[in-house]
Amino acid sequence: AAFEGLLRPFKAVHNTAEGKAREVGDENLMIEKIDLSALEHVVGKFLPRIADAVMDPVCQVQEVAMSLMLVLLKGGFLDDVSEDKLWDQTNQRCLAEDAPATVQKDALYFIL
Numbered sequence: 001a002a003f004e005g006l007l008r009p010f011k012a013v014h015n016t017a018e019g020k021a022r023e024v025g026d027e028n029l030m031i032e033k034i035d036l037s038a039l040e041h042v043v044g045k046f047l048p049r050i051a052d053a054v055m056d057p058v059c060q061v062q063e064v065a066m067s068l069m070l071v072l073l074k075g076g077f078l079d080d081v082s083e084d085k086l087w088d089q090t091n092q093r094c095l096a097e098d099a100p101a102t103v104q105k106d107a108l109y110f111i112l
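As numbered in the working numbering, residues 1 to 112 make up the sequence shown, in order.
Check before you lean on any hint, since a few could be wrong.
[To be verified] Cross-link-like lysine-lysine pairs, in silico, DSS-like; alpha carbons within 25 Å at most:
hint, residue 1, residue 2
1, K105, K20
2, K85, K105
3, K74, K45
4, K20, K45
5, K33, K45
6, K11, K33
7, K85, K74
8, K74, K105
Keep in mind that the hints were calculated from the coordinates and are not lab data. Here the structure is a predicted model, which means the values were calculated and not measured.
With the hints as extra help, turn the sequences into a complete structure.
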């Protein structure tokens with residue numbers, strides 16, 4: 001649930017930028033006032049836990065964690081990360097037999 005909560009503002013801003021309809025519960029958000037850069041410290045603090053969650057035994061947790069990692073990558077939040085362990089475990093999910101197809105697909109973006 002915590003990862004979904006952290007992912008939600010990123011998705012809301014992204015969906016609005018693409019002109020997509022707002023998700024249920026986001027109808028009253030003032031999307032234009034969401035400052036994603038304010039989440040930089042939270043992301044930095046919990047990044048190791050987010051990266052570990054891509055290998056969680058629960059598939060739903062893997063999917064949300066990988067979506068969050070991908071959003072962070074695209075948003076530039078991972079530009080200064082140089083921890084090989086973090087990158088390796090994320091990249092390896094594309095070949096993991098126990099990973100859902102969505103996790104495998106998203107993990108490929110880290111390699112490309």
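Evaluated hints:
Between the alpha carbons of K105 and K20 the distance comes to roughly 22 Å, so the proposed pair stays at or under 25 Å and holds. Of the supplied pair hints, the one linking K85 and K105 holds, its CA atoms being roughly 20 Å apart against a limit of 25 Å. Of the pairs offered as hints, the one joining K74 and K45 holds, with about 18 Å between alpha carbons and a cut-off of 25 Å not exceeded. For the hint pairing K20 with K45, the CA-to-CA distance comes to about 31 Å; that exceeds 25 Å, so the pair is violated.
Of the supplied pair hints, the one linking K33 and K45 holds, its CA atoms being roughly 23 Å apart against a limit of 25 Å. Proximity of K11 to K33 is assessed by CA-CA distance (about 14 Å); at most 25 Å being required, the pair is judged to hold. Simply put, K85 and K74 have alpha-carbon atoms about 20 Å apart, close enough for the 25 Å limit, and the pair holds. Taking the CA atoms of K74 and K105, the gap is near 15 Å; set against the 25 Å cutoff, the hint holds.
Checked against the numbered hints above, the structure breaks only hint 4 and satisfies the rest.
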